Amino acid sequence: MSVLSVNSITKRYPGVTALDGVSLAFAAGRVHGIIGENGAGKSTLMKIMSGVESQDSGEISVEGASVRFRSVHDAMAHGIVMIHQELNLVNDLSVAENIFLGHEPRKFGVIDFKAMNAKAQELLDRVSCKASPKQLLGDLPLAQKQLVEIAKALSHQSKVVIMDEPTAVLSDPETQALFRLIAQLKQEGVCIILISHILHELLENCDDIAVLRDGQFVGSVDAIEASEQQLAAMMVGRELSDMFPARVSAGTGNELFKVSGFQFFGCQSPVDLNVKAGEIVGIAGLVGSGRTELAEALVGLAQGSGSVEVEGVPVGRGLQAGMRAGLVYVSEDRKESGLHLDLPIEWNTSLAKGAGAILDKRAIHERAEDWRKRLNMKIADVRDPVSSLSGGNQQKVSLAKWLATDPKLLILDEPTRGVDVGAKGEIYSEMRKLADQGLGILMISSDLPEVIGMCDRVYVMRDFAMVGELSGEEISEESIMNLAAGVGV
Amino acid sequence: MKAQRFFQDWGVLIAFILVFLYAAITQGGSFLQWPVIVQLFTQNADKGIVALGMTFVIIAAGIDLSVGSLLALSGVLMMLNFNKFIASGTPENVAVIYACLIAMVSGLVIGLFNGAVIVWGKIAPFVATLVGLLAFRSLGQAFAEGGTINATKTEGLQVIANTGFEHSSIVNRNDIPITFSWPIWIWIALALVFGFLLNRTQFGRHVIAVGSNEKAARYSGIPVQKIKFLTYGLVGLCVGIASIIQVSKLASVASGSTGLFWELDAIAAVVIGGTSLNGGRGRIWGTFVGVLLLGLISTLLVTADVSVYWQGVVKGGIILVAALLQRGK
Amino acid sequence: MKAQRFFQDWGVLIAFILVFLYAAITQGGSFLQWPVIVQLFTQNADKGIVALGMTFVIIAAGIDLSVGSLLALSGVLMMLNFNKFIASGTPENVAVIYACLIAMVSGLVIGLFNGAVIVWGKIAPFVATLVGLLAFRSLGQAFAEGGTINATKTEGLQVIANTGFEHSSIVNRNDIPITFSWPIWIWIALALVFGFLLNRTQFGRHVIAVGSNEKAARYSGIPVQKIKFLTYGLVGLCVGIASIIQVSKLASVASGSTGLFWELDAIAAVVIGGTSLNGGRGRIWGTFVGVLLLGLISTLLVTADVSVYWQGVVKGGIILVAALLQRGK
Amino acid sequence: PADNGGETTGEPGTTASTSGEKLRIGVSIPAGDHGWTGGVVWWAEQMKEEFPNAEIIVQTATDGSEQFNKIETMTTQGLDGLVVLSFEPGPVTPAVEKAKKEGVYIVSVDRGLTKPIADVWMRGDNKVFGEKAAEFMGEKLGGTGKIICLQGVICDVNSDRVNGFEDTMKAKFPGVQIMASEVANWNREEAYKVTQTLLTKYPDVQAIWAADDDMAMGAEQALKEAKMTNVWLVGGGGMKDVVKRVMDGDAQFPATVTYSPQMIADGIRRCIQDLEAGKKSGDTQMDEVIPVEIVLPGNAKDYYYPDSIY
Ligand SMILES: Nc1ncnc2c1ncn2[C@@H]1O[C@H](COP(=O)(O)OP(=O)(O)OP(=O)(O)O)[C@@H](O)[C@H]1O
Ligand SMILES: Nc1ncnc2c1ncn2[C@@H]1O[C@H](COP(=O)(O)OP(=O)(O)OP(=O)(O)O)[C@@H](O)[C@H]1O
Ligand SMILES: [Mg+2]
Ligand SMILES: [Mg+2]
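Protein chains in written order, with our numbering: chain V, 1 to 489; chain F, 1 to 329; chain S, 1 to 329; chain E, 1 to 310.
Derived from the structure by calculation, the hints contain no laboratory data.
Quantities reported herein were computed from a predicted structural model and do not represent experimental measurements.
Be a bit skeptical, because a hint or two may be false.
What the hints assert, rightly or not - Residues from chain S shown here face chain E by an in silico Cβ test under 8 Å; the list is partial:
1. Leu-32
2. Pro-35
3. Gly-147
4. Asn-162
5. Thr-163
6. Leu-250
7. Asp-305
What the hints assert, rightly or not - A few chain E residues facing chain F, derived, Cβ under 8 Å:
8. Val-58
9. Thr-60
10. Thr-62
11. Thr-76
12. Pro-94
13. Ser-159
To be verified - Computed Cβ-Cβ distance ranges for the label pairs, DEER-style:
14. E/Asp-287 to F/Phe-261: 29 to 35 Å
15. F/Leu-101 to V/Gln-268: 30 to 36 Å
16. F/Trp-185 to V/Asp-370: 39 to 45 Å
17. S/Arg-200 to V/Glu-477: 46 to 52 Å
18. F/Asp-305 to V/Gln-320: 56 to 62 Å
We put the beta carbon where it would ideally sit given N, CA and C, even for glycine.
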């Protein structure tokens, strides 16, 4: 019998039908994958199953009995917890307090901090998170926060754990650890529902995979028999060609971007790097290796010193000077620093570019429409706030915002995080097109296939230092991981 | 859903219209007259101008508690200098112009000072402007030795607030044409300019972006600090202009009481007008109507002869209803 | 970095110590005496208690502008009923107890009313409590006909604020033992209880979670609305207790002036104490010291004989320095 | 009706303006945010009952500009008479001037206006308020002693009282030392606190002067707590509790100074009587001084209004 099932769930938002009569069943001791394009309705369905949102029609059953969730609390009481796609943690509380938020261990009505910290430490160990239970959550880097979020879900001893793209911000070792954990939970009879855009992950770790398209359930496959191509075709409704576009003129141009003797906050040794016109250069490394810090310092968002040149001209300090020189940075954290979620999409796409001291509203609108077509965004109206978009489409808006500035050198930090396979392909080909037009691209990514598929050259960082450079045939998953983890050196 | 959105967008205007209709029906003839309506604008122009500036500050997720005290201070500076000019034999009209410049410049400069303390001194706006609330009035009192300063010549000064456009067909009950005085036009003009500034210029859009998500604004290359700094300058300038109107209207300035509680009134008008205190969302016309609504309530309390003890309850009640009308989800 | 963190954590205490040392050095003997120190506590206990409650509201990302008016209203209710009890022949001590209960219950209930308007009426806290600021005092004035109500019997009532612990070794210069009056102990006890509540109980941690990230709190199954609602009840209760102390001190309540501007003072103390107006971050001991610091400044202004005109500048200046000491990055 | 009305309660019902309708009287006064102004509001409200046939509109204001606006609004609504107790004379004068232009009969009480436009000015004299207190205290101290002063909100009224007091003291009783002169904002609670603080610094003061009775009451509480009941006080403003204490021969309140908020009631009566008598705006320009008297146990019962709120 299924531990959790939904029956013809429908949910409408103004302008969109996010879910249209979806029925699914989930069983104990199984790992269910869910895939779908950005905006297909995956997160919405999960939110309904975990009591965050309520459906317009349809019903939810837990162990055969029909239930109605009025709040998250109700869902938790039925043994259902969810790890959200966008982190939902409290920066001003400790790691342990976050993990046990809402169900703190108590003694005589008072929180038993000792027990709480001890239990939190166990959970953190289980998810291979190095953070300490007493640390303030706000001080953690993104990836560790994600692990805390997972630990938090585990703290509930639930029957059903829903994970909405948990691996998007994790690098390889942590992802591996997470899947070991999932396997263990499965052994314990827990039902896991896993959303991801990384298809091979799902094929390797799930029992079955359900596909959503445009708010409708289009089918379900057995993970052992299915292939990536088959899944992609079900998601998108057509066959996908090779995701990574062919390189035309890999890095034959002149030196566009040259950094030498560059030091930034926390760096262990000065960094040298360069990017030629038309080249896509990767920066790989484990989470916490300092890639984001380096990039932010390079564009002037953080302190840094050393020589930075674009087309042989030294770039002044400060973000604006960098932007004037054509140096732009697309942040990894679209929610906090990348986008204005409450503001219209068209504003966001013009915010970095500007639109004259007196705004040219038409140009602003047309620019947004233009990028919507170029990046194939799923948007009802460019005047809607970004917050109404699905995660992947938000990521595209973030990209469009910076591409619109006509940069010379583009630094992308995890550009395809949370983007569906189809859209990934679009972003990749857009990147390649830009490179072919003479742009230089520096791409920070934890997604190794992406690094290998896209980059002409790869720098690898470890512990806030540049530890190697790979090019051409040298680029392989193994060589990168060896450098990044510091083995075999 | 649709209805809710409608109320959210237009709530303050609907509230204003409802209160106005109520007044017109219950007060009958004595209310629906040109003088009453014109007075509503005249009496609230100064506060309204301050509220316009406050709207920018609040949209940028700031707050300015010092406006009332600043009003007193720049009024005192204006008046002291005016009297000095007159004493030294400067022609009256020249003295008036100088005095107005002094009021505007002192408002602007002190506003920018607030901004500098907040932006570069890294002090929370609430605290920094609370310091201003205490210090500016105190300074004004020190300059004025605690008292009221009266203009030694009043005609020239009073031209600003007491003359304006008249039309022979718009008269009061004694058939004297009503003056649409300059403050009304200044207020309307500033509202239009500020509306344009907020909605049609890069500066305005940057103010919204800073208020909506400061970090993202910084990452977008918006000069966040400069924008914040300027919003405080803007409200300071507005206060300077308002102090000119006050001084011109009253031909005097009371260092101890001029502008008392104005910060609350101005913030209330902005918030009732639909601007979010969390920043990032706001509108100029809402503030304009918000000021009018508060003014209308005061007028109504007078004309309906509500007992002074109960006025607070009635005023609070109407504000509550206005807020209920336009609440979000 | 470390030094900065240190100042951020301890800034308000350092500021207090610096001002105290300054006073002790410049005022010499007349300042460093038991009576002065004890007075600092006695005089600020009522305001301090209100600030404790306000801390919870602000940590939950709310605000309460109505505390001063509520103080007057619950004082009026307490006093009117006390006099009625006395008139009807209730024994004085029973009447005192009834009156105290009335003050606390009315504070609590009206505070919860504020909370209900904010949470279920979905009105922004600033607006909802601004309505309270206007309406509660007005109600008090209506009940008291705008005047001051004096207790018809004072002895029993004044026991609360004017008696307390004495020790024969702690005397003033006339060798009369100094009274560590009940308000001091009530304040300290409440500070300890509230500190415990904030840091050690689920309620306290949930208040922080709600203020820091309301959505995350909701996703964690925390009853966000109930938590917010309760914080307003808490501050209301504090106001009720403070009104008992006020009434007991002077055996009278002035409907027009009791508690005037207290909202500003209480919020200022909370913010100076290191609690963020954005919610999520705050501390009880900081508020406690913040209240003492503001009180100390007032005492210093009186004893150092600062010109009345310049007091605002000096007070503002000291607050600014305290804020600079503990500013964040 | 040139005589100071106080006995008019007997004949209501005769009020009728020349136009045959009810008389409309606007009363503009400061908000009752401290004891004395609270008394003013109360007395003004009482007049509504005393003259049921006149329409008395009482409006309060928290600053000069608000008072300006409210006078303007009332004028627009149409008034026969305006009784004004100005917040500050300066800001209010232009509004009164406008009313005058509309032919409204103007009675100004207490603080006056900056231009001679009132038909009747019942002048309160705040300078004398300070002077009388200083004379009494100087004499009682025998020309030498230490005192402290409590001031109200910083404004013209306060300055007049304080200057009157301090100048007289300096001129006539140079031996009396004013140890401190602090602001307590007309507020009982603040006066209580300020006095507490001052007493620790100046434990040897012999007397306290407060610029109004409310503050004197606060100071008294501080004295009581410090067990310094030998220190005596002089306030002023006609608060009934204080007058009673003087009447009863309380050693701590040997005297007080009159300045009753009842003056607003006299002003309103005067306005109605003059209008009923057919007086028109501009007919007269009376300037009467409301005498400020020192209240001693002997004459206290003349100033004791047990039913007043203040
Ligand atoms: N709060 C909201 N208001 C309006 N529309 C919304 C809201 N939340 C989601 N939507 C819309 O509902 C649809 C489904 O969104 P959902 O977040 O479920 O997609 P998803 O499958 O999780 O996509 P992704 O892979 O990008 O995370 C989208 O079209 C989105 O724009
Ligand atoms: N807000 C912060 N406070 C304190 N330390 C931080 C903060 N942000 C990052 N760090 C530290 O900096 C290091 C690098 O952070 P970050 O995770 O951004 O690096 P990265 O290499 O860009 O990794 P990724 O982009 O994969 O997340 C981390 O080890 C973390 O300890
Ligand atoms: Mg999603
Ligand atoms: Mg990073």
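These are the hints, each one checked on the structure:
1. Leu-32: violated (11 Å)
2. Pro-35: holds (5 Å)
3. Gly-147: holds (4 Å)
4. Asn-162: holds (6 Å)
5. Thr-163: violated (10 Å)
6. Leu-250: This hint holds: S/Leu-250 lies near chain E, its Cβ roughly 6 Å from the closest one there, short of 8 Å.
7. Asp-305: The hint holds - S/Asp-305 has a Cβ within 8 Å of chain E, the shortest such distance being about 6 Å.
8. Val-58: Nearest chain F Cβ about 6 Å off; hint holds.
9. Thr-60: Given a least distance of 5 Å, the restraint on E/Thr-60 holds.
10. Thr-62: Hint on E/Thr-62: holds, closest Cβ of chain F at ~6 Å, below 8 Å.
11. Thr-76: holds (5 Å)
12. Pro-94: Since the shortest Cβ distance to chain F is 6 Å, the answer is holds.
13. Ser-159: It holds, given that the least Cβ distance between E/Ser-159 and chain F is near 5 Å, below 8 Å.
14. E/Asp-287 to F/Phe-261: 29 to 35 Å: This hint holds: roughly 34 Å between Cβ atoms.
15. F/Leu-101 to V/Gln-268: 30 to 36 Å: For V/Gln-268 against F/Leu-101, whose Cβ atoms are near 58 Å apart, the range 30 to 36 Å is violated.
16. F/Trp-185 to V/Asp-370: 39 to 45 Å: Because 43 Å falls inside the window, the suggested range holds.
17. S/Arg-200 to V/Glu-477: 46 to 52 Å: holds (49 Å)
18. F/Asp-305 to V/Gln-320: 56 to 62 Å: holds (60 Å)
When each numbered hint is compared with the structure, violations occur for hints 1, 5 and 15.
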